[in-house]
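K.L.:
Sequence:
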Amino acid sequence: GIQRSFEGSSLETIKHMVAAGMGVTLVPRLGVPSEALASSGKPARRKEEDPFIQYLPVTDASGGAPPTRRVVLAWRRSFTRYEAIAALRNAIYACELPGVKRLS
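Residue numbers (this note's numbering): 142 to 245.
Derived from the structure by calculation, the hints contain no laboratory data. Any given hint could turn out to be false.
Stated by the list, open to error - In silico SDA-like cross-links for lysine to any residue, where the CA-CA straight-line distance does not exceed 25 angstroms: (1) Lys156 to Thr209; (2) Lys242 to Thr221; (3) Lys156 to Thr221; (4) Lys242 to Phe193; (5) Lys242 to Ala225; (6) Lys156 to Leu178; (7) Lys156 to Val212; (8) Lys156 to Leu167; (9) Lys156 to Gln144; (10) Lys156 to Phe193.
Build out the structure end to end from the sequences listed, making use of the hints.
P.N.:
See below:
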């Protein structure tokens, strides 16, 4: 079976661990270089920064949708600078990122 030996909390750290031959990982779509996304489902490498990493999309055997996750904006009730939260929210809404859709 699969045995976990190393852990990391930073996506870049984990990708460097993979590049060093320390295992494999799942990466969120936003962490995949654009040239790897353009490879249309074929394994792709990022030549400039991490030539040892290969990206392969996760697909359902029946052709279903890939796994997804929901990300939310949260803050402490007692936080008094709502304008800062609103500005951050608006900046996030203004981003057009591949694979990202607004739920509310």
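K.L.:
Now tell me if each hint is right for this structure.
P.N.:
Hint-by-hint comparison with the structure:
no. : hint             : result
1   : Lys156 to Thr209 : holds (20 angstroms)
2   : Lys242 to Thr221 : violated (28 angstroms)
3   : Lys156 to Thr221 : violated (37 angstroms)
4   : Lys242 to Phe193 : violated (31 angstroms)
5   : Lys242 to Ala225 : holds (22 angstroms)
6   : Lys156 to Leu178 : holds (16 angstroms)
7   : Lys156 to Val212 : holds (21 angstroms)
8   : Lys156 to Leu167 : holds (10 angstroms)
9   : Lys156 to Gln144 : holds (18 angstroms)
10  : Lys156 to Phe193 : holds (10 angstroms)
The structure is inconsistent with the numbered hints 2, 3, 4, although it conforms to all the rest.
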